[in-house]
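2 protein chains.
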Amino acid sequence: MAKEKKAPRPKAETPKGFRDYFGAEVTERTQMLHQIAGVYHRYGFDALESSAVETVEALGKFLPDVDRPNEGVFAWQEADEDGNGDWLALRYDLTAPLARVYAQHRNDLPTPYRRYAMGPVWRNEKPGPGRFRQFYQCDADTVGAASVAADAEICSMLSDTLETVGIPRGDYIVRVNNRKVLNGVLEAMGLGENADHDAVLRTIDKFDKVGEQGVRELLTKGRLDASGAFIDGVGLSDDQAEPVIAFLTSKAADAAGTLANLRAAVGGSKIGQTGIEELETIAELVQAQGYGADRIDIDPSVVRGLGYYTGPVFEAELTFEIFDEKGRKRQFGSVSGGGRYDDLVKRFTGQEVPATGVSIGVDRLLAALREKGRIQSQATGPVVVTVMDRDRMADYQAIVAELRNAGIRAEVYLGNPKNFGNQLKYADKRNSPVAVIEGGDEKARGVVQIKDLILGAKIAANATLEEWKERPSQYEVPRSELIAKVREILEGQD
Amino acid sequence: MAKEKKAPRPKAETPKGFRDYFGAEVTERTQMLHQIAGVYHRYGFDALESSAVETVEALGKFLPDVDRPNEGVFAWQEADEDGNGDWLALRYDLTAPLARVYAQHRNDLPTPYRRYAMGPVWRNEKPGPGRFRQFYQCDADTVGAASVAADAEICSMLSDTLETVGIPRGDYIVRVNNRKVLNGVLEAMGLGENADHDAVLRTIDKFDKVGEQGVRELLTKGRLDASGAFIDGVGLSDDQAEPVIAFLTSKAADAAGTLANLRAAVGGSKIGQTGIEELETIAELVQAQGYGADRIDIDPSVVRGLGYYTGPVFEAELTFEIFDEKGRKRQFGSVSGGGRYDDLVKRFTGQEVPATGVSIGVDRLLAALREKGRIQSQATGPVVVTVMDRDRMADYQAIVAELRNAGIRAEVYLGNPKNFGNQLKYADKRNSPVAVIEGGDEKARGVVQIKDLILGAKIAANATLEEWKERPSQYEVPRSELIAKVREILEGQD
Numbered sequence: 081m082a083k084e085k086k087a088p089r090p091k092a093e094t095p096k097g098f099r100d101y102f103g104a105e106v107t108e109r110t111q112m113l114h115q116i117a118g119v120y121h122r123y124g125f126d127a128l129e130s131s132a133v134e135t136v137e138a139l140g141k142f143l144p145d146v147d148r149p150n151e152g153v154f155a156w157q158e159a160d161e162d163g164n165g166d167w168l169a170l171r172y173d174l175t176a177p178l179a180r181v182y183a184q185h186r187n188d189l190p191t192p193y194r195r196y197a198m199g200p201v202w203r204n205e206k207p208g209p210g211r212f213r214q215f216y217q218c219d220a221d222t223v224g225a226a227s228v229a230a231d232a233e234i235c236s237m238l239s240d241t242l243e244t245v246g247i248p249r250g251d252y253i254v255r256v257n258n259r260k261v262l263n264g265v266l267e268a269m270g271l272g273e274n275a276d277h278d279a280v281l282r283t284i285d286k287f288d289k290v291g292e293q294g295v296r297e298l299l300t301k302g303r304l305d306a307s308g309a310f311i312d313g314v315g316l317s318d319d320q321a322e323p324v325i326a327f328l329t330s331k332a333a334d335a336a337g338t339l340a341n342l343r344a345a346v347g348g349s350k351i352g353q354t355g356i357e358e359l360e361t362i363a364e365l366v367q368a369q370g371y372g373a374d375r376i377d378i379d380p381s382v383v384r385g386l387g388y389y390t391g392p393v394f395e396a397e398l399t400f401e402i403f404d405e406k407g408r409k410r411q412f413g414s415v416s417g418g419g420r421y422d423d424l425v426k427r428f429t430g431q432e433v434p435a436t437g438v439s440i441g442v443d444r445l446l447a448a449l450r451e452k453g454r455i456q457s458q459a460t461g462p463v464v465v466t467v468m469d470r471d472r473m474a475d476y477q478a479i480v481a482e483l484r485n486a487g488i489r490a491e492v493y494l495g496n497p498k499n500f501g502n503q504l505k506y507a508d509k510r511n512s513p514v515a516v517i518e519g520g521d522e523k524a525r526g527v528v529q530i531k532d533l534i535l536g537a538k539i540a541a542n543a544t545l546e547e548w549k550e551r552p553s554q555y556e557v558p559r560s561e562l563i564a565k566v567r568e569i570l571e572g573q574d
Numbered sequence: 081m082a083k084e085k086k087a088p089r090p091k092a093e094t095p096k097g098f099r100d101y102f103g104a105e106v107t108e109r110t111q112m113l114h115q116i117a118g119v120y121h122r123y124g125f126d127a128l129e130s131s132a133v134e135t136v137e138a139l140g141k142f143l144p145d146v147d148r149p150n151e152g153v154f155a156w157q158e159a160d161e162d163g164n165g166d167w168l169a170l171r172y173d174l175t176a177p178l179a180r181v182y183a184q185h186r187n188d189l190p191t192p193y194r195r196y197a198m199g200p201v202w203r204n205e206k207p208g209p210g211r212f213r214q215f216y217q218c219d220a221d222t223v224g225a226a227s228v229a230a231d232a233e234i235c236s237m238l239s240d241t242l243e244t245v246g247i248p249r250g251d252y253i254v255r256v257n258n259r260k261v262l263n264g265v266l267e268a269m270g271l272g273e274n275a276d277h278d279a280v281l282r283t284i285d286k287f288d289k290v291g292e293q294g295v296r297e298l299l300t301k302g303r304l305d306a307s308g309a310f311i312d313g314v315g316l317s318d319d320q321a322e323p324v325i326a327f328l329t330s331k332a333a334d335a336a337g338t339l340a341n342l343r344a345a346v347g348g349s350k351i352g353q354t355g356i357e358e359l360e361t362i363a364e365l366v367q368a369q370g371y372g373a374d375r376i377d378i379d380p381s382v383v384r385g386l387g388y389y390t391g392p393v394f395e396a397e398l399t400f401e402i403f404d405e406k407g408r409k410r411q412f413g414s415v416s417g418g419g420r421y422d423d424l425v426k427r428f429t430g431q432e433v434p435a436t437g438v439s440i441g442v443d444r445l446l447a448a449l450r451e452k453g454r455i456q457s458q459a460t461g462p463v464v465v466t467v468m469d470r471d472r473m474a475d476y477q478a479i480v481a482e483l484r485n486a487g488i489r490a491e492v493y494l495g496n497p498k499n500f501g502n503q504l505k506y507a508d509k510r511n512s513p514v515a516v517i518e519g520g521d522e523k524a525r526g527v528v529q530i531k532d533l534i535l536g537a538k539i540a541a542n543a544t545l546e547e548w549k550e551r552p553s554q555y556e557v558p559r560s561e562l563i564a565k566v567r568e569i570l571e572g573q574d
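Protein sequences, first through last, are from chains B and X. Every position in the first sequence, counted from 1, becomes a number in our numbering once 80 is added. Every position in the second sequence, counted from 1, becomes a number in our numbering once 80 is added.
In case anyone wonders, no lab produced these hints; they're calculated from the structure. Treat the hints loosely; a few may be bogus.
Simulated pairs of lysine-lysine, PhoX-like, Cα-Cα distance not exceeding 20 Å [as the list claims (entries may be wrong)]: (1) B:K509 to B:K538; (2) X:K509 to X:K498; (3) X:K426 to B:K91; (4) B:K505 to B:K523; (5) X:K91 to B:K426; (6) X:K565 to X:K523.
This structure is a prediction, so every number in the text was calculated from the model and none was measured.
With the hints as constraints, model all of the structure from the sequences given.
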């Protein structure tokens, strides 16, 4: 027979920038999402799971360019007879789909509509270390509520959520700022109609990195950056820059002090005064619910997202210190952000719909808990029932069924049982706490051997040969006492 | 000023064949996945979440055609400088990614590798009523175990899973068949090397629809179908068709009887005898674990998937009756299927790796539970704290915080509070059980009004005007007794 020409073997690889999650990585995230959903639910938010695929048209921002929309989304064109099918794309966040859902179903949904959503989103970006093109988001938003009570509620919910997943009070802070106050500051600067507001906003965005003096220089005459390059300034006068600096550094010892500083910064600006009143109301409302400034704090130095949002802006930071990759101490930083945006639904309906919400970075939050040793990614494996006699598989299946019926995670070794050493190596790879052994001799005597693998590993690491030979980590018990003994060992290991 | 040219508004629509899931639809599915994961975990299976996006090369089956792979998957080409980027695609099931994951990580994974996976998959197919292009799968597979003990374990786990999610014993059956027995039957037919085995397999696949006599006709001289069209037969003689019929109808009162019938059907075929021994072993092993034929049964009439799998094949059916869309009684039918496939990993590594597994149709299982009234899709909404006095929002926030801290799902009305009727309409739309009212008068007297909305709706539906006026569904209690009264009402509503 002629030799068949073989196709080359496919590569067994995830696409660049994607990864797989195994075991505890999956279950810990599931557990955290479950806890967060519990808090969101208690606050009256309803679950929503929109489709992962949207039309590019509905997603907005990313409109078909020449041939293919490629501004950060994964997109493709539907095949139809004449090649003119819709462009579809994977969602890049959970907010754009919410706007589409609300516009589509607004007659059936309650108003205000409180919804939460959790799931993967996709970004067509250059992958880098720790940067993936698929990751989880976990959002809660209130659509159709103009009242800042909705913003205050998001803040207290965020505080509750962090404590529920295991961040103790004192290790986090929810900071609140307001875009309207910044708008007031811009008014107070008297820049005039044609001034480059965006350049000012972009500069403010760098406050986290360059600090007060850096922002001052960048707003005025320019600045030498760390690499020695000269960054052009916006060209404002020192007087014009001053309200911005006053705004960014207005944080005082208490909310009253901060608000007083802000009043000075916005001067006579109406919008600025409205923004300050909103912050004041938020402070009052969370106070009424028992949230002090140790949990939710008015802090005008929060600048992330000020360009995007239209009203209050929130950010949750973890305040404990960790060591970064270079061994330096630094604060863990932001795990959640959000704010008010009033124009997303308008794209579809022409009507402005007020909305506010928050997004929690679940993977960062998990990393923080692991960093603090609050969750252990190394999960305990199942009890392994070894196979001493291939023909008595039914006996081993009966043992494993008994263990499972007692609520104990357990499995029979299903590989080739010939080499017993391989079975124990397998149990080790599975991180099994206990192995059960029933050879022909044990069967005849009505007993089983039970090996405490955790204790055994400790002894193996430290013991002398004599101690090792005594094998104090292995027990022989009557078959009828199997469950009780396994349970005793498991409880002793906790 | 010149009028700006406006872009047309985007349509607020999911792409064709996609849909959104709201509230209880989401939480009930999450709950079911959680229950299933619990059983899988107890059986020693580990969670795996692979990326939703794979290279088309790794997915296999669907190779890039001329321009774009379009055989049932959503695929697109990565942009790179010279337009030769990889083709990527959304996964169409959870088995193909498992093969890729196992091949990629086989040196780090235990062997055998038991894994479960749950999540959406995508099919680029013509959508139809009730057919969506994104849906959930929930799989468990054991890779690297040649022993039929692995197949037996899948069957008992499937039985446990169905009972755990709420299908009582007696309302389901896990049926087991074996492709090897069918191969034995084909050998026994003496069709010769060049015979069209595929035509026979395709015919057997129709057994569910056309029954014994239909299969007999289709294997031989052909058959008039219901529409009056003549379907050509495979052209076998009656004698040649007989072993197939014997195979399909071999189910007897007990496993021993069925196996005896199968032995007659396969005659001297070695592969057939092996297949029968495997079924016998599976029957023994599940029996040893306490699963009788009322839960797991050898049944050669299970033909779904026989063409795809290489060994044992399983199917879980719900046996209770429902009314179909035409009002006729019928069995609910299949909710899960699986079997042994030994060639998926070979594509990547060249080595044959035995594997067996099962996939549960979560959405069908949810539909079954809803059909039986075991879950109610209409979830209870939150307690709604109404806003009588816009300036006292802090009071209402304090009430709602108190309710939540007591573990009661609650929210403040965040819409425009001017029209009180709208607030009650909102509570109705939210399916709220209770509304809390605290006007200025109540505040002054230190009381709150608590409305039992469920009882109120019942009274409104049936009451006379006099009864209605008495408003026995509304209670005035001291502010300090708010939590106790709300709890009392909620407990009375269960």
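Against the structure, the hints come out as follows:
{"no.": "1", "hint": "B:K509 to B:K538", "result": "holds (16 Å)"}
{"no.": "2", "hint": "X:K509 to X:K498", "result": "holds (18 Å)"}
{"no.": "3", "hint": "X:K426 to B:K91", "result": "holds (12 Å)"}
{"no.": "4", "hint": "B:K505 to B:K523", "result": "violated (24 Å)"}
{"no.": "5", "hint": "X:K91 to B:K426", "result": "holds (12 Å)"}
{"no.": "6", "hint": "X:K565 to X:K523", "result": "holds (17 Å)"}
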